[in-house]
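Asks: Spelled out, the chains give:
4 protein chains.
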Amino acid sequence: MSNTVVVYHSGYGHTQRMAEAIAEGAGGALYPIDSDGNLSDDGWAALDAADAIIFGSPTYMGGPSWQFKKFADTSSKAWFTNKWQDKVFGGFTNSASLNGDKLNTLEYFVLLAGQHGGLWVSLGIKPANVKASKRDDANRMGSYIAPMAQSDADAVPSEMSAGDLETARLYGTRVAGIAQRFSLAQIA
Amino acid sequence: MSNTVVVYHSGYGHTQRMAEAIAEGAGGALYPIDSDGNLSDDGWAALDAADAIIFGSPTYMGGPSWQFKKFADTSSKAWFTNKWQDKVFGGFTNSASLNGDKLNTLEYFVLLAGQHGGLWVSLGIKPANVKASKRDDANRMGSYIAPMAQSDADAVPSEMSAGDLETARLYGTRVAGIAQRFSLAQIA
Amino acid sequence: MSNTVVVYHSGYGHTQRMAEAIAEGAGGALYPIDSDGNLSDDGWAALDAADAIIFGSPTYMGGPSWQFKKFADTSSKAWFTNKWQDKVFGGFTNSASLNGDKLNTLEYFVLLAGQHGGLWVSLGIKPANVKASKRDDANRMGSYIAPMAQSDADAVPSEMSAGDLETARLYGTRVAGIAQRFSLAQIA
Amino acid sequence: MSNTVVVYHSGYGHTQRMAEAIAEGAGGALYPIDSDGNLSDDGWAALDAADAIIFGSPTYMGGPSWQFKKFADTSSKAWFTNKWQDKVFGGFTNSASLNGDKLNTLEYFVLLAGQHGGLWVSLGIKPANVKASKRDDANRMGSYIAPMAQSDADAVPSEMSAGDLETARLYGTRVAGIAQRFSLAQIA
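In the order they appear, the protein sequences are chains U, S, E and X.
In case it helps, the numbering used here puts the first sequence at residues 2 to 189.
In case it helps, the numbering used here puts the second sequence at residues 2 to 189.
In case it helps, the numbering used here puts the third sequence at residues 2 to 189.
In case it helps, the numbering used here puts the fourth sequence at residues 2 to 189.
Everything labelled a hint here was simulated from the structure, so no lab data went into it.
All C-beta atoms in this analysis are idealised placements derived from N, C-alpha and C, irrespective of residue type, glycine included.
It is possible that part of the hints are untrue.
[Stated by the list, open to error] A few chain E positions that, by computed beta-carbon distances, are all more than 10 Å from chain S:
1. GLN17
2. GLY28
3. LYS84
[Said to hold, decoys possible] Residues from chain U that keep clear of chain E, each with C-beta distances beyond 10 Å, as calculated:
4. GLY28
5. LEU31
6. ASP43
7. ALA133
8. GLU167
9. ARG170
10. GLN181
[Unchecked claim] Facing chain X, a subset of chain U residues (Cβ under 8 Å, in silico):
11. GLU108
12. VAL111
13. TRP121
14. SER123
15. SER162
16. ILE179
Chain U extracted, bound-state conformation:
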């Protein structure tokens, strides 16, 4: 199996649930960034050892949370020595609005993966965008480069869309599978 690590910041628990769904799909490990933007030494070691890294953050004020960005800025240490070069990368985000500039957060994750010399895995699930589509359909958000979730501003994590969480789970499986194909080829 591939070694997939989910590194994420969650403010109120919604992104946490999404992270858990992704880790479940990927058979991977979860490493939270804390409310001061710090990651444990174990977390940094796990990222260095990972085949695949999946970034997660809520979208706040049009981008990833400052805590996630502090993690990203600190990853410049790995950047200087190309530690994460050629790893497989993915990402995910949640916010209260249907759009809410979530695409910008996902695009930032692509740029961060690019800075590290990585490969980016898209969502790969067709959008549910017809009249018969339901809130619990996979990719009801109609995202492409990575999964999005939407949770009403007054909804607790337990009220999240089952479709959004299933989308996250499927994406975790997809990223881990692609990382595995890649690792196998390296050995061969």
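Add chains S, E and X to chain U, keeping to what the hints say.
Replies: Relative to chain U, chains S, E and X alone:
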């Protein structure tokens, strides 16, 4: 009153309805880009004379339609002579998915306005993103830099969200009002 | 005169020099975000009272520094009550590479201004992009939505491009002038 | 060997030279999009059969040329049937300005690859951004998600930066190599 021009491409009529709502709100003129990506000479003259220019396009394959982009590329003639410098700009888009990379189309409009040395007007309407929010609420899409509409892939234009169309109408009024403040100051 | 405030984070002094050039051009005030991502109470009060707000940050790891993002996330208090609605906004960034994803930082500033319901002012200076162009030309970076500066990774702030600093100064004047036209119209 | 296809539009020959350098590095085939935005039937067949697809376009007015976008819109036929799902993707762009919104063109290529359910390959070459850096260094542009070239507005293709062309060649080799690892794993 300010002189506001809506220049847009519509593939199947949804973006057309959105354009009409914006023009109604703005008290402005509508100039369509045709299916070959061409704009009439009257259209180009109207843009040169406008206080405010509002760009519209469906989001196809993650960005504005090629017909809109052909118009944008042709606007390099105005670019060379700074014809649109300091004009007020806005934009709008529609697609089948809730997200569907619509933000990228709006961000492209901002870049195009920037190439022309313009000022960009944001939407300015708080998102409807709580449990009680309805499909017909203003800014139910939760967009910020400009209005978005979402129309199911199997829905005809007459089935568009009243909220999306009202959002468009309000934005037209907003852009025209800001252009008017600007024009008054120029005279003063 | 319009009341323009430059709010910025600088890591090593290059963005600071750019901020000073912009403030000089704008006849505006400078409020730094500190190394913990905090802004003084005076700074927040100045932003609330400003006609124009200009955001500045280095580009680190593909986006604004985490300190700037912490400021942006904290501005959600002003967001909730629409305190900055209809203000005039601008931005600027510096990084070591010619590109280095600087455009993403500027686009983030546009999104942040959009979240606050603002108006964005583009650079409005044609790029210096012919064979005879020099490092000290205005807009030698060929940016559009706002000014960029580039400072070699081993260059101290005093070695910055005179062209980049002049571009910043001109932009400060431009933003303040547009804010003034806007303020006059409000009174009229 | 992997089967890599470079599909590109070139207006004045600069992007053509970059495409040739990439194809040389990749040991791949070149398929031009013509001045009406059309691709030959052979080109479409080659894309369907490819392990890796590399998109190329100049940056015009802040984004890919309309001819490239027409190709992208026409690729919706492949999108409907997931023909390009899980392929490896890359991209490249050239423009006259150092920045000139080139990042937006590359980000659009990432979105297009994402719409098709693909994997994106970053540049993977550290930027040349110190005082001793020269115009002929690899990645002197300081790009990350894919290669950029800059050619003065009054420079013919034969005057392009050797560094930009070498960057393109290295990227071609990189994309083809990653696609090969992927294909091997599929067989294993």
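Asks: Indicate, hint by hint, whether the structure satisfies it.
Replies: Hint check results:
1. GLN17: Non-interface label stands for GLN17(E): nearest chain S Cβ at 25 Å, farther than 10 Å.
2. GLY28: Nearest chain S Cβ is 18 Å from GLY28(E), so the label holds.
3. LYS84: 13 Å, holds
4. GLY28: 28 Å, holds
5. LEU31: 22 Å, holds
6. ASP43: 21 Å, holds
7. ALA133: 33 Å, holds
8. GLU167: The claim holds: GLU167(U) sits with its nearest Cβ about 29 Å from chain E, beyond 10 Å.
9. ARG170: 28 Å, holds
10. GLN181: 27 Å, holds
11. GLU108: Nearest chain X Cβ about 6 Å off; hint holds.
12. VAL111: 6 Å, holds
13. TRP121: Since chain X brings a Cβ to about 4 Å from TRP121(U), closer than 8 Å, the hint holds.
14. SER123: The hint holds - SER123(U) has a Cβ within 8 Å of chain X, the shortest such distance being about 4 Å.
15. SER162: 21 Å, violated
16. ILE179: 7 Å, holds
Going down the numbered hints, you'll see the structure goes against just number 15.
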